[in-house]
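J.: So the protein lines, in turn, are chains W and D.
Residues 1 to 336 in our numbering are what the first sequence spells out, letter by letter.
Residues 1 to 548 in our numbering are what the second sequence spells out, letter by letter.
In case anyone wonders, no lab produced these hints; they're calculated from the structure.
Watch out, some of these pointers could steer you wrong.
Unchecked claim - Heads up, simulated DMTMM-like pairs for lysine to aspartate or glutamate below, C-alpha to C-alpha not over 25 Å straight-line:
| no. | chain 1 | residue 1 | chain 2 | residue 2 |
| --- | --- | --- | --- | --- |
| 1 | D | 528 | D | 445 |
| 2 | W | 248 | D | 474 |
| 3 | D | 306 | D | 261 |
| 4 | D | 306 | D | 203 |
| 5 | D | 528 | D | 331 |
| 6 | D | 311 | D | 469 |
| 7 | W | 248 | D | 483 |
| 8 | W | 248 | D | 289 |
| 9 | D | 2 | W | 149 |
| 10 | D | 306 | D | 397 |
| 11 | D | 2 | W | 77 |
| 12 | D | 528 | D | 353 |
| 13 | D | 410 | D | 384 |
| 14 | D | 2 | W | 42 |
| 15 | D | 410 | D | 538 |
| 16 | D | 311 | D | 332 |
| 17 | D | 306 | D | 236 |
| 18 | D | 2 | D | 81 |
| 19 | D | 460 | D | 397 |
| 20 | D | 2 | D | 12 |
| 21 | W | 248 | D | 261 |
To be verified - Derived list of chain W stretches under chain D, where covered just means 3 residues or more per stretch with a C-beta under 8 Å from a C-beta of chain D:
| no. | stretch |
| --- | --- |
| 22 | 239-247 |
| 23 | 264-278 |
We put the CB at the ideal spot given by N, CA and C, even for glycine.
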Amino acid sequence: MRRSDQLPIELRPAGLYCPAGDFYVDPWRPVERAVITHAHADHARSGHVHYLCAAAAADVMRARLGDIRLQTLDYGEPLVVGRARVSLHPAGHVLGSAQVSIEIDGHRTVLSGDYKLQADPTCAPFEPQRCDLFVTESTFGLPIYRWPDSATVIDQIRNWWHDNAAAGRASLVFVYAFGKAQRLLASLADGPGPVVCHGAVEALNRVYRAGGVTLPPTRAVDDGIDRAALQRALVLAPPSAAGSPWLKRFAPYADAFASGWMQVRGQRRRRALDRGFVLSDHADWPALLQAIDATGAETLRVTHGHVAVMVRWLHEQGLDAGAFETAYGEQPGGDG
Amino acid sequence: MKRFAALFHALDAANGSRHKQQALLAYLAAAPAEDAATACWLLAGGRPLRPVAAPVMRAAAQTAADLPDWLFDECYERVGDLAETIALLLPAPAPGDDLGLRRMLVGHIMPLRELSRDDQAAGLRALWRQIDGDSMLVVNKLITGAFRVGLSRQGVVRALASHSALAPERISQRLTGLLASRQPPGADDWYGLTAAGDDGDTDALPCPFFLAHPLTGEPAPRLGPAGDWLAEWKWDGMRGQLVRRGGVSHLWSRGGELVSDRFPELLAMAAMLPPELRIDGEIIVWPADAERPLPFNVLQRRINLKQVGRKLLAEAPACFVAYDLLGIDGEDLRRQPLASRRQRLEALLATCEDPRLRLSEAIASDDWNALVEAREAARSRGAEGLMLKRRDSAYGEGRSRSQARGDWWKWKLSPMSVDAVLVHALRGHGRRAGLFTDYGFALWDRPVSRPDAALVGFAKAYSGLDDAEIRRIDSFIRRNTVERFGPVRTVRPELVMEIGFDAVAPSRRHKSGLAVRFPRILRIRDDKRADQANTLAELRALMPAEPG
Ligand SMILES: [Zn+2]
Ligand SMILES: [Zn+2]
């Protein structure tokens with residue numbers, strides 16, 4: 001067994017670094033070579049010289065970061081970088097999200113990035129990887145976070161949309177523009193009215209469609225949708241649109257937020273929204289434990305989220321657990 | 001239990017009192033009688049004795065969830081509520097029989113109280129295994145007692161009144177009887193609560209209040225000789241009616257709410273009065289040795305609290321200022337002239353020396369000049385102005401139709417004021433940056449009884465509140481925003497404030513057709529609902545009469 005100070009991954013000011021391959025994974029400061037797990041803004045930042053990501057993520061990466069020097073790998077395809085053998089494996093989080101596997105002299109490290117185990121029609125499902133060191137996220141690393149079945153939540157949203165349409169008001173759902181919005185869209189075809197997307201959401205829809213993900217037809221507000229149709233519409237907008245004049249045209253509407261944070265009543269009430277739907281692109285507590293267990297790893301490092309809780313819990317299970325203080329989003333404002 | 005859990009979640013999610021009313025009405029229509037009774041009892045504030053102490057419950061939950069101490073604490077800290085933490089942590093149970101609300105409470109929750117601590121823990125774990133996920137939170141809240149859904153007792157009364165087509169006052173009185181018990185009411189109580197007809201010997205409903213018109217301009221010569229009028233101070237308190245029936249006292253607000261529980265000292269005082277009695281008066285905070293009453297915001301603390309502590313009772317002692325004797329010993333005095341009612345009121349109070357009951361002072365009124373002077377002095381006495389009541393008038397109902405022949409006038413000091421509904425809000429600057437400090441207010445465009453009545457904006461105001469009040473309003477606005485136009489928020493029309501101003505004049509630029517000068521917030525009227533706010537016509541009536 002390796003001692004902690006000899007881990008093949010170390011924390012540096014710019015991010016998590018692999019000395020054997022001289023590259024970073026999801027660095028938060030500009031570096032020479034960055035392997036990116038997925039295109040959410042807190043994991044994929046601009047300013048690096050060379051990028052490496054999963055082939056399925058390439059379009060989103062370019063849409064978000066512009067003209068970058070990007071190399072891609074198919075899931076499972078190996079690449080030798082220095083002394084390290086790198087491969088990417090589906091993380092089930094959003095389109096193109098990957099776990100990063102790094103093999104050095106028969107020792108395997110896997111960095112999870114963000115991941116979930118629930119089914120998602122818009123991305124490849126999470127594939128558990130056996131490894132010696134597993135670096136896991138812990139966004140929802142508390143036992144209070146246990147997701148209801150996603151089909152149940154989708155039904156709740158659909159029923160709510162139908163009720164609102166019957167009452168003559170639009171259904172406005174705040175969702176993260178990249179990932180959650182498309183997951184909802186793909187699950188909510190054939191509702192009582194049109195689906196209208198905020199520009200930030202529609203931009204990502206185009207990338208998903210171009211990448212071969214089937215999404216139901218959506219409309220933009222400037223399509224000239226008549227008022228009657230608007231009152232039956234499902235409107236998807238990013239949380240940043242809250243309070244913006246863009247929403248004015250949909251009045252009267254009922255509003256909701258779809259996120260794992262909605263599991264706790266206080267979070268729902270604080271937002272003063274009509275509804276909170278518990279739908280997350282992250283693993284809940286049981287899924288985190290299940291994923292960790294499936295790796296068979298004896299050494300664990302925990303990143304963003306409830307780091308201290310996860311570390312202590314794993315430690316009490318007899319595992320070598322520690323923390324990496326990363327700069328990824330972890331508060332209720334982050335992607336949930 | 002599922003039905004009540006669904007009601008709980010609907011009330012929890014509903015924004016605005018109308019949606020809450022609808023949810024409760026739907027529940028009352030569908031639920032079995034005993035559950036409907038128990039639901040109303042719970043929502044109006046009824047509670048069983050706490051069946052299990054919090055530490056016992058916490059320990060049982062930790063065992064059931066199979067978590068170490070520290071992790072349970074982390075979760076509790078994150079959630080902030082024990083009942084909810086437990087609901088989130090326990091494994092999803094296999095749903096058993098769906099017991100009704102009352103059977104759950106009486107058959108499963110309340111008996112826990114009689115058990116030893118160990119048996120309580122086992123009993124809780126057994127209970128948790130058989131309730132479904134949606135009911136879990138509600139059942140836990142019934143056990144911890146932290147059961148709040150943002151529906152007032154008066155909200156329950158309104159729903160019950162509408163469900164049973166009875167007067168809210170009657171419902172309120174009957175509900176009070178049920179709430180006195182720690183035992184959840186059953187089916188018989190439900191039939192009693194909603195039965196048509198009066199309550200015989202125990203009937204103690206208030207009679208309609210007689211209301212005054214605002215007097216603007218000079219009283220003379222319009223009102224004739226000053227000697228025709230009884231002049232009294234107009235107090236800034238809460239109008240109330242003290243009803244004694246069969247020796248039992250009931251204190252009613254003008255809004256038809258039974259407020260007896262909130263003023264225990266007034267009930268104690270009333271016990272010395274004749275057993276059959278009806279007095280119209282004003283509830284204000286007035287310490288025994290003080291020359292003048294304390295301002296309205298002190299009374300408001302009493303109104304807002306359902307349970308009054310000893311400290312508050314000492315700091316804010318209530319007093320009933322008696323205006324009028326409406327009935328005594330079974331005799332209805334309302335048709336008699338005010339002068340003779342007043343004589344009998346004076347005689348009655350002469351026998352009673354209790355600082356909690358004061359006779360409303362009659363101000364010498366030989367000529368109008370003396371009264372004009374008295375009115376100017378009102379503020380220094382803690383009053384808002386004068387009340388003028390025609391000495392030979394009967395006690396009417398509501399506001400008399402014709403203003404020209406008004407028998408009761410309220411002759412307030414300026415500023416003029418109306419009760420208006422908060423409808424818009426804007427963020428402030430500087431020290432109060434980020435908080436909503438600038439407000440838009442609206443009045444009704446026609447009597448609220450009309451189905452097409454709508455609120456029309458009439459003034460913006462921002463001064464007059466202290467920091468604590470601003471924070472409170474700010475949080476109300478955040479919770480009740482219905483729409484956002486750039487920086488402006490549209491707020492659910494629920495909060496009433498009294499808006500003072502110096503003058504009102506016709507205006508073509510304003511949608512309301514009226515412009516007020518120097519509008520400012522005088523106080524928050526938590527005691528009023530939006531449908532009790534003033535109308536534009538009432539604002540217009542404050543304008544000086546047109547010449548000719
Ligand atoms: Zn992410
Ligand atoms: Zn992340």
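J.: Give a verdict on every hint.
T.: Going through the hints against the structure:
1. D:528 / D:445: 18 Å, holds
2. W:248 / D:474: Answer holds: residue 248 of chain W to residue 474 of chain D is near 22 Å, not above 25 Å.
3. D:306 / D:261: Cα-Cα ~7 Å, so holds.
4. D:306 / D:203: 23 Å, holds
5. D:528 / D:331: 32 Å, violated
6. D:311 / D:469: This hinted pair holds, its Cα atoms lying about 22 Å apart.
7. W:248 / D:483: 7 Å, holds
8. W:248 / D:289: Measuring from Cα to Cα gives roughly 57 Å; hence the hint is violated.
9. D:2 / W:149: OK: residue 2 of chain D and residue 149 of chain W at ~20 Å, within 25 Å.
10. D:306 / D:397: 29 Å, violated
11. D:2 / W:77: Violated. Residue 2 of chain D to residue 77 of chain W sits at ~52 Å, over the 25 Å cutoff.
12. D:528 / D:353: 33 Å, violated
13. D:410 / D:384: Given that 25 Å is the threshold and the Cα spacing comes to 9 Å, the pair holds.
14. D:2 / W:42: Violated, at about 42 Å.
15. D:410 / D:538: 14 Å, holds
16. D:311 / D:332: 39 Å, violated
17. D:306 / D:236: Distance of about 21 Å is within 25 Å: holds.
18. D:2 / D:81: 21 Å, holds
19. D:460 / D:397: 34 Å, violated
20. D:2 / D:12: It holds: about 15 Å lies between the C-alpha atoms, which stays within 25 Å.
21. W:248 / D:261: 45 Å, violated
22. 239-247: holds (count 5)
23. 264-278: That given contact holds, which follows from 7 residues of the stretch 264-278 of chain W lying within Cβ reach (below 8 Å) of chain D.
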